Amino acid sequence: MALAQREVEENDSVPAAVAAAAGPRKATWRDHETYRALLVQPWTYVTGAVILALLNIALVAATGKGWGVTTSLAYWGAWIWGALGGDPHRWAYFAEVKPAFNAPGFGLLSDPGSLTNLGIVAGALLAVLLAGQFRIKRLKSRRQVSAAVLGGLAMGLGARIAFGCNIGDLFTGLPSMSLHGWVFLVSIFLGAAAGSRLLVKYFI
Amino acid sequence: MTTAIEPRSNVRRPLRPPVTRKERASQLPWALGLFALIVAAGVYIVRAGGSPKLGFIWVVGVALGLALQRSRFCFTAAMRDPVLTGSTSLTKAVVAGLAVGTVGFSAIQLGAYFKAGQLADAAKLAALEPVGLHTVVGGALFGAGAVIAGGCASGTLMRMGEGFLQQWLVLPFFVLGSALGAVTWPVWKAALRVAPSGGVWLPAALGGFLPALLVQFGLLLAVWLLADWWGRRHAS
Numbered sequence: 027m028a029l030a031q032r033e034v035e036e037n038d039s040v041p042a043a044v045a046a047a048a049g050p051r052k053a054t055w056r057d058h059e060t061y062r063a064l065l066v067q068p069w070t071y072v073t074g075a076v077i078l079a080l081l082n083i084a085l086v087a088a089t090g091k092g093w094g095v096t097t098s099l100a101y102w103g104a105w106i107w108g109a110l111g112g113d114p115h116r117w118a119y120f121a122e123v124k125p126a127f128n129a130p131g132f133g134l135l136s137d138p139g140s141l142t143n144l145g146i147v148a149g150a151l152l153a154v155l156l157a158g159q160f161r162i163k164r165l166k167s168r169r170q171v172s173a174a175v176l177g178g179l180a181m182g183l184g185a186r187i188a189f190g191c192n193i194g195d196l197f198t199g200l201p202s203m204s205l206h207g208w209v210f211l212v213s214i215f216l217g218a219a220a221g222s223r224l225l226v227k228y229f230i
Numbered sequence: 002m003t004t005a006i007e008p009r010s011n012v013r014r015p016l017r018p019p020v021t022r023k024e025r026a027s028q029l030p031w032a033l034g035l036f037a038l039i040v041a042a043g044v045y046i047v048r049a050g051g052s053p054k055l056g057f058i059w060v061v062g063v064a065l066g067l068a069l070q071r072s073r074f075c076f077t078a079a080m081r082d083p084v085l086t087g088s089t090s091l092t093k094a095v096v097a098g099l100a101v102g103t104v105g106f107s108a109i110q111l112g113a114y115f116k117a118g119q120l121a122d123a124a125k126l127a128a129l130e131p132v133g134l135h136t137v138v139g140g141a142l143f144g145a146g147a148v149i150a151g152g153c154a155s156g157t158l159m160r161m162g163e164g165f166l167q168q169w170l171v172l173p174f175f176v177l178g179s180a181l182g183a184v185t186w187p188v189w190k191a192a193l194r195v196a197p198s199g200g201v202w203l204p205a206a207l208g209g210f211l212p213a214l215l216v217q218f219g220l221l222l223a224v225w226l227l228a229d230w231w232g233r234r235h236a237s
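Chains as they are written, first to last, in my numbering: chain Y, 27 to 230; chain U, 2 to 237.
Among the hints, erroneous ones may be present.
Derived pair list, reagent style BS3-like, types lysine-lysine, alpha-carbon separation capped at 30 angstroms [as the list claims (entries may be wrong)]:
(1) LYS125(U) <-> LYS163(Y)
(2) LYS91(Y) <-> LYS125(U)
(3) LYS91(Y) <-> LYS116(U)
(4) LYS190(U) <-> LYS91(Y)
(5) LYS91(Y) <-> LYS52(Y)
(6) LYS54(U) <-> LYS91(Y)
(7) LYS124(Y) <-> LYS54(U)
(8) LYS227(Y) <-> LYS163(Y)
(9) LYS54(U) <-> LYS116(U)
(10) LYS116(U) <-> LYS190(U)
(11) LYS227(Y) <-> LYS116(U)
(12) LYS227(Y) <-> LYS166(Y)
(13) LYS124(Y) <-> LYS116(U)
(14) LYS54(U) <-> LYS125(U)
Since the hints were derived computationally from the structure, they do not count as laboratory data.
All values derive from a computational prediction rather than experimental measurement.
Looking at chain Y on its own, in the form it has when it is part of the complex (with noise of 0.2 angstroms):
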C-alpha cells in the first residue's frame, strides 16, 4: 500500500504531455525550474537523511537534547487519562523513567517531542501545499482499518518497550554513540522483515 502511494505520488511529474493534450496553456511562476525543483519534484533520499541529520544536530547543539517522537505520544495519552479523570501522575512509569513528565508546569506545549511531532504535521502539510499536491486519501478497505490499529498499538507498545522509536533510539540514539540505537537498528530490520511476511499475507 504504501508502495503503491509512492509511484502514484511520483507519477504526477508528467506536465508535458498532458499539458499539451488539455491545449496551449500559459506558463505560471509555478512551472519555473527552481521552483519546480525544490517544492514539486520528489529531493534526493540522502538529500533528505542529511537534511534530517542536520536538523538533529541543531536540535542538540541548542537544546542539549535530540529529537524524538514516541515519549510524547506517551504523554499525550497519559494526559487523554488525566482529562477522562484517571491521575497519571501515579503510575511507576514516570516517576521512575520518565521524571520530566511530573515536573510542576509541564504541559503539550512546554514538551520539546509535542511541539516537533505538531510541527511534522503541519511542516508536511504545507509542503504538499507548496507542490499543489495535497488530497485526503481515503481508506480503502477494512483490512486498511485492522492494520492502522494493530500495526499503531505494536508500533506504541513496541517504542515504550524498548525506551524509544525509529527515531529516538535510531535517528538519535545510534549517532549519539549509545549501543542501544545499534540493537535497536538490528531488532527493528529483524521486526519489519517478520512485518513484511504479516503484512503480504493479512493486509494487502
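Using the hints provided, position chain U relative to the given structure of chain Y.
Just chain U now, with coordinates in the frame of chain Y:
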C-alpha cells in the same frame, strides 16, 4: 462520496481531457494561510512558555516535516524494502544520515569533553537509554508494527500532514499503545529485567573517543556496504 441515484441512460457524457493534478487550481493560498498560522503558533508558543527555545524547537519541527515530505523519506521503507523488493537506496540514505549525525553529535560531545576534561560531561549530551533484551523485543515489535501500519513514528506524522486518513487512524492507536506501554511498565520491567535508566556509551565502554569513533564509522561503513551488496544482488 455519495452519488445521487440517476436514471440509467445510454447517453455517454462527452469525453473531456483528463484532469491531472498539475492542472488543478493552485494550492498556494492555502499554503500561505498555513504559513501564517505556523508563524502565529510560534509566537504563541514563545509567549505562553516564556522561552524562545520552545519557538526554536517548533521551527525545527516544521522544518523536519518539510524535509521528510520533500524527500519522501520513510524509515519503514528503509527497513522493509530490502526484504520486500530488494531495494536498498533508502537504507543507504538512512546510513548516510546516521553518519552525518555522528559527525555532529560527536563534535558537540567533544566540545564538552575538551571544556571539562571529563568523559562524564560529554556523556550527558548523548541520548543514552538502557540496553538489553527489552531493546530487541521492543524494537522488533515496533518494526513489525511500522510495516503493518504503513509508517513509522516520523512517517505517521508526515503522512497525516499529506492527507492520508489511514495515518489519522494509526495515531490514536499509536498513542493508546504508548500509554499501555507506560502503564504496564512494572510488568515488562520485571519480565525482561529492565533497568529504569543507564546505558552503554561507546566512548566510555571502549576507552575514549578515538576507538569509539573508529568502531562507529567502521560499523556504519559495514552496514552501508552490506546494503549496497544486497541492493545489487536483488536488482533486476
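Right, here's what the structure says about each hint:
no. : hint                    : verdict
1   : LYS125(U) <-> LYS163(Y) : 43 angstroms, violated
2   : LYS91(Y) <-> LYS125(U)  : 10 angstroms, holds
3   : LYS91(Y) <-> LYS116(U)  : 19 angstroms, holds
4   : LYS190(U) <-> LYS91(Y)  : 25 angstroms, holds
5   : LYS91(Y) <-> LYS52(Y)   : 49 angstroms, violated
6   : LYS54(U) <-> LYS91(Y)   : 12 angstroms, holds
7   : LYS124(Y) <-> LYS54(U)  : 21 angstroms, holds
8   : LYS227(Y) <-> LYS163(Y) : 23 angstroms, holds
9   : LYS54(U) <-> LYS116(U)  : 23 angstroms, holds
10  : LYS116(U) <-> LYS190(U) : 37 angstroms, violated
11  : LYS227(Y) <-> LYS116(U) : 56 angstroms, violated
12  : LYS227(Y) <-> LYS166(Y) : 17 angstroms, holds
13  : LYS124(Y) <-> LYS116(U) : 29 angstroms, holds
14  : LYS54(U) <-> LYS125(U)  : 19 angstroms, holds
Going through the hint list in order, the structure does not satisfy hints 1, 5, 10, 11.
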